[in-house]
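Chain A is fixed; fit chain B onto it per the hints.
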Amino acid sequence: MAGVLQQNRSLYVYNDFLKEVISKIKYRGDAELVKGFYPVMRSKLKGISGDTILVPIPLSNERHYERRFNQADIIARGFNRDVHNLLERNAHEEKQSKKNRLERMKKKDNPFIVIDNNSIRGHSVLLIDDVYTTGSTLRYAAKVLIEAGAISVSSITLGR
Amino acid sequence: MRFVSYFLNDRLIVAPETLVENLDFTPVPFGELPQIEPQLLNSSFKYDEKLQQVLYGKMLLFDELQLPLKTIQEHFENGFVMYNQGVIKTKYGWQCKRCGNEKYHLFASFSCFRCKSENCVYCRNCIMMVRVSVCSPLLSWIGPDVKHKSDHQLMWRGELSAGQQIASDCFVEQVGNSGELLIWAVCGAGKTEVLFHGIEKALKMGLRVCIATPRTDVVLELAPRIKEAFPNTLIVSYYGGSKERETPAQLVISTTHQLYRFKQAFNLMIVDEVDAFPYSYDKTLQHAVSGSVRNDALRLYLSATPSGKMKKQVTQNKLPCVKIPIRFHGFPLPEPKMVWSGEWKKRLERGKLPPAFLKWIKSQVVSERRAMIFVPSVSIIEKVTELIRGHVEVIVDFVHAEDPLRKDKVARFRQGDIQLLVTTTILERGVTVPFLDVVIFGADHEVFSESALVQMAGRAGRSKDDHNGQVLFFHYGKSLSMLNAIKHIRHMNEEAGF
Numbered sequence: 001m002a003g004v005l006q007q008n009r010s011l012y013v014y015n016d017f018l019k020e021v022i023s024k025i026k027y028r029g030d031a032e033l034v035k036g037f038y039p040v041m042r043s044k045l046k047g048i049s050g051d052t053i054l055v056p057i058p059l060s061n062e063r064h065y066e067r068r069f070n071q072a073d074i075i076a077r078g079f080n081r082d083v084h085n086l087l088e089r090n091a092h093e094e095k096q097s098k099k100n101r102l103e104r105m106k107k108k109d110n111p112f113i114v115i116d117n118n119s120i121r122g123h124s125v126l127l128i129d130d131v132y133t134t135g136s137t138l139r140y141a142a143k144v145l146i147e148a149g150a151i152s153v154s155s156i157t158l159g160r
Numbered sequence: 001m002r003f004v005s006y007f008l009n010d011r012l013i014v015a016p017e018t019l020v021e022n023l024d025f026t027p028v029p030f031g032e033l034p035q036i037e038p039q040l041l042n043s044s045f046k047y048d049e050k051l052q053q054v055l056y057g058k059m060l061l062f063d064e065l066q067l068p069l070k071t072i073q074e075h076f077e078n079g080f081v082m083y084n085q086g087v088i089k090t091k092y093g094w095q096c097k098r099c100g101n102e103k104y105h106l107f108a109s110f111s112c113f114r115c116k117s118e119n120c121v122y123c124r125n126c127i128m129m130v131r132v133s134v135c136s137p138l139l140s141w142i143g144p145d146v147k148h149k150s151d152h153q154l155m156w157r158g159e160l161s162a163g164q165q166i167a168s169d170c171f172v173e174q175v176g177n178s179g180e181l182l183i184w185a186v187c188g189a190g191k192t193e194v195l196f197h198g199i200e201k202a203l204k205m206g207l208r209v210c211i212a213t214p215r216t217d218v219v220l221e222l223a224p225r226i227k228e229a230f231p232n233t234l235i236v237s238y239y240g241g242s243k244e245r246e247t248p249a250q251l252v253i254s255t256t257h258q259l260y261r262f263k264q265a266f267n268l269m270i271v272d273e274v275d276a277f278p279y280s281y282d283k284t285l286q287h288a289v290s291g292s293v294r295n296d297a298l299r300l301y302l303s304a305t306p307s308g309k310m311k312k313q314v315t316q317n318k319l320p321c322v323k324i325p326i327r328f329h330g331f332p333l334p335e336p337k338m339v340w341s342g343e344w345k346k347r348l349e350r351g352k353l354p355p356a357f358l359k360w361i362k363s364q365v366v367s368e369r370r371a372m373i374f375v376p377s378v379s380i381i382e383k384v385t386e387l388i389r390g391h392v393e394v395i396v397d398f399v400h401a402e403d404p405l406r407k408d409k410v411a412r413f414r415q416g417d418i419q420l421l422v423t424t425t426i427l428e429r430g431v432t433v434p435f436l437d438v439v440i441f442g443a444d445h446e447v448f449s450e451s452a453l454v455q456m457a458g459r460a461g462r463s464k465d466d467h468n469g470q471v472l473f474f475h476y477g478k479s480l481s482m483l484n485a486i487k488h489i490r491h492m493n494e495e496a497g498f
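As they're listed, the protein sequences go chains A and B. Okay, so the first sequence: first residue is 1 according to our numbering, each after it adds one. Okay, so the second sequence: first residue is 1 according to our numbering, each after it adds one.
The following block holds chain A by itself, in its conformation from the complex (with noise of 0.2 Å):
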């Protein structure tokens, strides 16, 4: 799996300070405060290319149902372009934040699908996700996306 993603870029080092954000934003869902990171954000994206498409790492629709918004999702708005939510998780699997690194890493099934191969065909795609800790979520993704024919795929995230 090595390879597909071509490059990642976190905007922070994930610190006690940035935890506690974060985890303000998900568990508590205080939404808000990922506007905080949008002046930052934008000014991140200038070298990007204006034909790559932006995909936000999908929740399970449990979870998705639970929080009540994905929080990449609300982070790709921020950008200020348009947002693609062209990624879905296969089925309902445990926390990634509950599993410990090697968890993490020896999981073999995909958990994302493409929903629409016609978009991706053909771009560049930058992943969106909230913190990259062993990077492996963000590889599975690129992963289906460069099957499904993107040209390449890098990732941009708050934390790491």
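Rather than coming from a laboratory, the hints here were simulated on the basis of the structure. Bear in mind that the values here come from a model prediction, so they are computed numbers and not experimental data. Do not take every clue at face value.
[As the list claims (entries may be wrong)] Straight-line Cα separation of at most 25 Å, DMTMM-like style, residue types lysine to aspartate or glutamate; simulated pairs:
1. A/LYS24 / B/ASP282
2. B/LYS359 / B/ASP444
3. A/LYS35 / B/GLU118
4. B/LYS383 / B/ASP408
5. B/LYS345 / B/GLU446
6. A/LYS98 / A/ASP109
7. A/LYS98 / B/GLU77
8. A/LYS24 / B/ASP63
9. B/LYS352 / B/GLU368
10. B/LYS407 / A/GLU20
11. B/LYS243 / A/GLU20
12. B/LYS309 / B/GLU450
13. B/LYS89 / B/GLU118
14. A/LYS24 / B/GLU402
15. B/LYS283 / A/GLU32
16. B/LYS70 / A/GLU62
17. B/LYS58 / A/GLU88
18. A/LYS24 / B/ASP403
19. B/LYS46 / B/GLU77
20. B/LYS204 / B/ASP151
21. A/LYS99 / A/GLU88
22. A/LYS26 / B/GLU118
23. A/LYS19 / B/ASP151
24. B/LYS89 / B/GLU37
25. B/LYS58 / B/GLU32
26. B/LYS116 / A/ASP109
27. A/LYS98 / B/GLU64
28. B/LYS103 / A/ASP30
29. B/LYS116 / A/GLU88
30. B/LYS70 / B/ASP10
31. B/LYS243 / A/GLU66
[To be verified] Pair by pair, the computed Cβ-Cβ distance ranges are:
32. A/ASN85 / B/GLU32: 22 to 32 Å
33. A/GLU62 / B/LYS149: 35 to 45 Å
34. B/LYS89 / A/ASN85: 24 to 34 Å
Ideal Cβ positions, reconstructed from N, Cα and C, are used throughout, including at glycine.
Same frame as chain A, but now just chain B:
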């Protein structure tokens, strides 16, 4: 969430979209439904007693109940549960029906997966207790009341002081009536004991009782004492992180924050430390208390230092008040002494302590007595501690609100392992340590209000064997708060006949 609405036998029924299979109905976000009326009570419906016990007297979200949607909907259709709006649109903006927040900047919106609205408005003021938004109904119980058992017994066998007795009698007499009462009791008067007989009467009358306080520390200190006094009564304490929530209790000990979840629940509401931050400052907390009591409830306020507003109500005879000007051990409050310590701020910047303060520190060490040293801000706390350590051999430590070892340090201070404890105003209330002197470093600083100074001074001399602790105000110019605090203490002592 999205709901559908339809008419059945001329009555409007609403139901979560996921429970209705008929595709002719168009689901809308909960907040956009027509006015919902409670359904007629179907007395033959077999209701879920657990739901009754959890929901009775409260306003909760679907997500806070561990029950299937279908069960709750059945209770709605049979007139046992009501769906209320969580956040409503007002003339000028929004209002949260749980916490009462109306401030425009404390609302935000997000793209909501449940109601499919791009702008589902939610309240940020009470977000620490599960987010409430326009599309989330607040559920309330409108079925039969929970019946509490009545074999309560007060097992406390202590004796009340004369002052406590007067206040206690006055409280007992009011139990069962509606209205307000202030017990203005000096620090160390023994407020908790004053409550026992009134609470006992209320419990035996089948009334629901709540003791609320702005501070978690006070809940933690009160709960075991109350539980010991009423061993036969089901008592539950609520604070951020408490686990006892599910149990229905006739007697609740709660932080004022947690009262956001209660609605029309209590017949007797006791607010302890009514002047303490953040209750005195935060209108939505006052709203939480008002919302959690029944219209005919009795509200009892306890304080050693009522706010100016409350004192005014007392003098205008708008608020009935009973004073306990004397400590339970019968000795007067120690009067603070003012000690000039020059420009303490500048000295501190140069890495020095004021000579007068230094002299006191040294004599304190010799006396082998413990002391709390209050400082005006967290920013200087480590510096002051370090400087003191440079002059003495005994154990000196510091504590503040964000300190992860806070509980541990206070416990060590209590046990006598720490002799000198440098602290911020977090320890101004609720802490009782015998053989203690109190010093306020920089007493002229603006953070020290009259009530804060009275409270801090009130830590000294609380036990019978050591009723004459020392209280010193080290200052660089007397502030009005300092003078008022001393006047306050003198006045109370005079009233007690000293």
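So which of the earlier hints does this model not fit?
Numbers 7, 17, 23, 26, in rising order.
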